[in-house]
Amino acid sequence: MSSRISYMGTKHDLADRVAKVIAGCRPGRLLDAFAGMGAVADAHAGKRRVWTNDVQHFAYLAGRCRFTDPAGPLPASRMRELTTPTFQQNMDLLEEQNSTAWDATGKMPATSSFEEFERLFTLVADETIAREGAYACFTATYSNAYFSLTQCAEIDSVRCAIDTLRGRGVLTQAQFDWGLLALGHTALRVANTTGHFAQFLTPSEKNFRRVARQFGRPVFDEWLASLDSLKPSGTPEWRAQNFATRSDCDALLRTITSCGDVGVVYCDPPYTDDQYSRFYHVWETLILNDYPTVTGAGLYRPDRFTTAFSLRSKVAGAFRALVNEVASTGADLVLSYPSNGLLHDIGGNPLDVLRSAYPKAKLVAQIEHNHSTMGASKGSATASVAECLYLGRA
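One point on numbering: in the numbering used here, the residue at position 283 of the sequence shown is 283, and numbering is uninterrupted.
Simulated from the structure, these hints should not be mistaken for laboratory data.
Take the hints with a grain of salt, since some may be wrong.
Said to hold, decoys possible - Only pairs whose alpha carbons sit at most 27 Å apart, straight line, appear in this in silico DSSO-like list of lysine-lysine: (1) K20 - K231; (2) K362 - K47; (3) K47 - K107; (4) K206 - K107; (5) K231 - K206; (6) K360 - K314; (7) K231 - K47; (8) K362 - K20.
What the hints assert, rightly or not - Estimated spans, in silico, between C-beta atoms of each pair: (9) A365 - E132: 52 to 60 Å; (10) F243 - D92: 37 to 45 Å; (11) V170 - T257: 22 to 30 Å; (12) G106 - E132: 19 to 27 Å; (13) D126 - S313: 37 to 45 Å; (14) A125 - D248: 31 to 39 Å; (15) E116 - A251: 29 to 37 Å; (16) K47 - K360: 18 to 26 Å; (17) T293 - L363: 41 to 49 Å; (18) P70 - S313: 44 to 52 Å; (19) Q173 - K206: 31 to 39 Å; (20) A297 - H344: 23 to 31 Å; (21) N340 - Q173: 38 to 46 Å.
Just so you know, even glycine gets a beta-carbon here, dropped at the ideal spot from N, CA and C.
Based on the provided sequences and hints, a complete structural model is requested.
What follows is the structure, encoded as structure tokens:
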């Protein structure tokens, strides 16, 4: 299992090339303004102080843990010892109140026919899930959809355990954060999806075995394995110098002055007309634990963030504002954008926008890359395109 989390459009395959471009930029801190899972920040471990920023709660959590926490996670063996009693208490509460649906869920992974799986699946769907006195945000929201009933109960019970331990002062805030990060990683691994949270798989004759297999994966053991695998980036001394924030990029850039320590800003803005928040909403619920009222086929939260970079009518203006705001900080700008991005679709050109504020801006690299299509809502999951790197020097 990897020491980092890879998701959707992460730049792990390109991070070293991006780092080579950034190496020639002004000295000072690197601000990764759309950090995601932090691939580019990771490539600068020990080389340059970093500041990761993302508007999504889970991406912010990943940046805070991996790039700013000097200590790292609690050993998985110790976490198992500490969490098991409270975890089991919450599991027992949910099982006692939902015994019929619980038993049916337990039989799903072993079904050999779609008819039998569908019967059990429908039985669970028709049950009213009870949760009195229990942690049950995922149980109430995503059961029999992104996860099985028992998987949701496990996710809720892990959250109950680490919340309780933090409240008692047994876990520090940082140790809690690592536990929550590992739980998000686990949710991604066991989810009944094609690898992202835009929508779950509806069982069919063709895919029911896959759904059954995912529904049978144990969350608690996967969580401990994830906690054991996830590691902070770089040295404790390097991490102690870094920042992580959760903000809309435009709002953040307006707070940075030219007398600050940011030498270069790296921007990897959204590039399709699929709103990126579609792929983070389950993780948002994991962090907020707020029992949202969800709607639509994907069980979406009501408060999903909308970015102008994914709107045909606004993407050009969003690019102009971004470039002007970075230029106003006095920092160099390194921009990643694919050759099939939405700005190109409407007849725009990133280089032209950059040159309005950085007259000597240039295209410094074109890298053939299998790019995420943000969930394949309109076709295949990846497309072979050129990832273009642009450089504007202050």
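Is the hinted range of 44 to 52 Å satisfied by the C-beta distance from P70 to S313? holds, 45 Å
Exercise for review: Take a quick look at whether K206 and K107 sit within 27 Å of each other, Cα to Cα.
Suggested key: holds, 19 Å
**Request:** Take a look at whether the Cβ-Cβ distance between G106 and E132 falls inside 19 to 27 Å.
**Result:** Holds, at about 22 Å.
ask   = Straight-line Cα separation of K362 and K47 no greater than 27 Å?
value = It holds: about 24 Å lies between the C-alpha atoms, which stays within 27 Å.
* Asked: Quick one: are T293 and L363 within 41 to 49 Å, going by C-beta?
  -> holds, 46 Å
Status of the given 52 to 60 Å range, CB of E132 versus CB of A365:
Taking Cβ atoms as reference, A365 and E132 lie about 58 Å apart, which means the hint holds.
**Prompt:** Do D126 and S313 keep their Cβ atoms within the hinted range of 37 to 45 Å?
**Reply:** holds, 43 Å
Just tell me: holds or violated, for the beta carbon distance of N340 and Q173 against 38 to 46 Å?
This hint holds: roughly 42 Å between Cβ atoms.
- Task: Return holds or violated for the Cβ distance of A297 and H344 against the range 23 to 31 Å.
- Result: holds, 29 Å
Taking 18 to 26 Å as the hint, is the beta-carbon distance of K47 and K360 inside that range? Because 25 Å falls inside the window, the suggested range holds.
Go ahead and decide if the range 37 to 45 Å is satisfied by the Cβ distance of F243 to D92. holds, 42 Å
Are K231 and K47 close enough, with their CA atoms no more than 27 Å apart?
holds, 18 Å
Of the numbered hints stated above, those contradicted by the structure are hints 3, 5, 11, 15 and 19, listed in ascending order.
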